[in-house]
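Could you build the full structure based on these sequences and the hints that come with them?
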Amino acid sequence: MKLNKSITNKILLAFFSLIVIVFFSTGAIVDNYVKKIVIDNSEKSLSNDATILSKNIDDFFSKNKDIVELLSSNQNILDYLNEVKTKDNVKLSNKYTNIVKTLANIKNSNKNLSLVYIVFDNANYIITNDEWKAPSDWNLHSRQWYIDTVAAGKLFFTDPYVDKVTGKMVVSATVPIFDKNKKSLGAVGIDILIDELPAIMSNYKVGDTGYAVLVDKKGTVMYHPDKSKILKDNIAKYEGTLGQIGKRMIKGETAVVGYSFENTDKYFASAPITSNGWSVGVIINKDEVLLKLNSLNKILILIYIISAIILLLISLFIIKYLLKDIPKLLNLINKISQGDLTSREIIKSRDEIGEISNAINNMASNLQTLIEGISSNSHDVSASGQELSATIEEVNSQIQNINSSTQQIAAAMEETSASTEEMNASGLEIKNILDNLKEKYLEGNNFANEIKSKSYSMKIDSENAKTTALNIYKEKQVEILKSIEDGKVVEKITDMAKIIADIAEKTNLLALNASIEAARAGEHGKGFVVVAEEVGTLASQSTKTASNIESTVLQVKQAFENLSNNSHSLLGFMDEKVVSDYNTMIEKSELSLKDSEAIADLVGNLTKRSEEITLSMDELISAIDAVAHAVTDVTANISNISQTINQTTEAFDEVSKVAENQSELAQNLNSTIGNFQI
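The opening residue of the sequence shown carries number 1 in full-length UniProt numbering; numbering runs sequentially from there.
If you are wondering where the hints come from, they were derived from the structure by calculation, not from laboratory data.
The structure presented is a predicted model; accordingly, all values stated were derived computationally and were not measured.
Honestly, I wouldn't trust all of these hints.
Claimed, not checked - Okay, the calculated beta carbon distance ranges per label pair:
{"no.": "1", "residue 1": "164", "residue 2": "111", "range": "18 to 24 Å"}
{"no.": "2", "residue 1": "33", "residue 2": "12", "range": "27 to 33 Å"}
{"no.": "3", "residue 1": "258", "residue 2": "66", "range": "20 to 26 Å"}
A virtual CB, placed ideally from N, CA and C, is assigned to each residue, including glycine.
Structure representation (C-alpha cells):
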C-alpha cells in the first residue's frame, strides 16, 4: 500500500505539474493575445483621439485660413496694391475708404480675429482695419513675418507671439501678393487670437489619466495641462524616445509610440494639423490601458485554479483504479527478492500491469534456469582463476628482468648525458678562447695596418728628405766651389804685399840718400832732412806693414786651404755617404712597408681562420646540444618505459589479486546459490 501511495503521489504530482504548465502556457498565450488586442485597440483609439483633436484644431485654423485666402483673391485689393507706389498715394486713392471698410467688416465677422491688414511693398506701408498709424521708423522689409511670407510664396502661419496692444497670444496668417512678373507687391494678413485653443484642448478627455498637448512646427509646447511648460518646453529637445516623438511631430508624422517618462510607462499618439504645420499629441498611462486586462487575468487565474482541483480529484480516482493490482505484484517481487524462485502470480488484466505480471513470472523462470547454470559453472571459474594467477606470477618474473635491463640502460644514458654536458662545456670554453683569440687577431690586424701606414709615411718622408737634401747639396756645392775659386785672390794680395815691401825698401833708400844730400847741403838742406827722415820713417812703417800683411795673408791662405779641403771633404761626404744613407733608408722603408703588408695579410688570414674555427665550434656545440637533448629524451623515454613496466607489474598484481578473488567469489557464489529455492 505504501508503494501504491508513493506511485499515486508521483503521478498526481506529475499530472499537477502538467496542468500547471498547460494552464500557465495557455494563460500566457491568452494574456499576450488579449494584451495585444487591448493595446492595439487602445493605440487605435488613442490615434483616433489625436486625429479628432487635430481635426478640431485644424478646423479652427482652416476657417481663418479661408478668410485670409479670400482677402488675397479680392480684386479691389489686388488693384489697390498694383496702383499704390508711394506712401503719399495710399490714402489719396478712392479705394482706400472701401478697403478699410472691408477689413473692418472681416474683423467684426469673427471674434477670434485681432487684426486684419494689408501691407504695400513699394510704399513700405500698412493699412489695418482700425487705421493704425505706423511709427515713422516702421519698416516692412525688416519684419521677419513678411520676409518668411514672401519666401514661402503661399499662405504662411507665424509662430505664436503676444500682441503688444492686446497682450493676448496671437498667430498671424499671411498670404503674399505678386504681380505678373512674380515681383512682390505686398501681402494680406490677419492676427488670430488663440485663446480658444486651451479650452478646446482641455475639454478633450482621454481616460482618467490621459491628456492632450499641442506643439507648433518647431516643437514648442503651445498647450499642456502643466502651464509651466507652455512656450517654455520644446518636446524635440528631450532625450530618448520622447525627443524622437517630438522630431516626428515636427515632420508632421502620425504615430503611436510607447515610452517611459519619470519612471512611468505611457503611450503617445500624435496627429498633424495640416493647415499650419502644428501637431497634436494625446498621452495616457500604460497602467490605465492595461487595467481591464488585469481584471480579465484575475478571472482567468480563478478559473484555472478551480479546473486544476477538479482535474486532480478525477485523476486520483482513475489512478487508484488502475493501480489496484500493484500490491499483488509487489508481494511477488518481494518473494523473488528473498530467493523464492518458485512463486508465480496470475493477473488477468490486459494492460501494461498484466504484461508486467507476465514479465515477472518469466523473469522468475529465467532466474531459476540462470542460477542452475551458474551453480554448474562456478566450479570451472574457480579453477580458471587459480590457473590465471599462476600465469600472471610467471609474467611478473619476466617483467622484472625487463625492468632491470631498462634501469641499466637508463644509468648508461645518464653517464652519456654527463659526458655530453662536459663536452658542451669544453666546447663553450674553446669557443670563448677562440673569441678572445679573434679579438687579439683583430687588434694585431689593426696594429699591422698602423705599422703599414707608418712605414708608408716613413718612406714618403725619407724620399722627401732625400729630395730636399740633394737640392740643398747641389745648391751649396756650386756656392762652395765658387767661394774656393774666389779665395784664390789671397795669392794676389801676397804678391801685392811683396811689391809694397820692395817699394818701401826703395823709398827708404831714397830717403837715406836724401838725408845724405841734405846733410851735404848744410843750412839749406835742413828742411829737406826733416822730410827725408819722415819719408824714411814712413818707408820703414810700410815695410813692417807689408811684412805683417804678407804674414797675415799667409795665415789666411793656409786657413782658406784648410776650408777648401774641408769643403771638398764635406761635399764628398754628402755625395758618397749621406745620399747613400738616404737611399738605404728609403729601401728599408720599402722593406718595412712590404713586411707590414705581409703581417697584415698574415693576421687577416689568421682572423678568417679563427672565424671559420669559431663557426665550426658553433656547429660542434649545436651538435653536442642536439646529442644532449636526444640523450635526455631517450633517458626520459626509458624512465617512462620503466614507469610503464612498473605500472604493468602493478596491473598484473591486481589481475592476480582479481583472479584469486574470482576463485574466492566462485566459491562464495556456490555458497550463495544454496540460498535460492530452485
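Are there hints from earlier that the structure breaks, and if so, what are their numbers?
3
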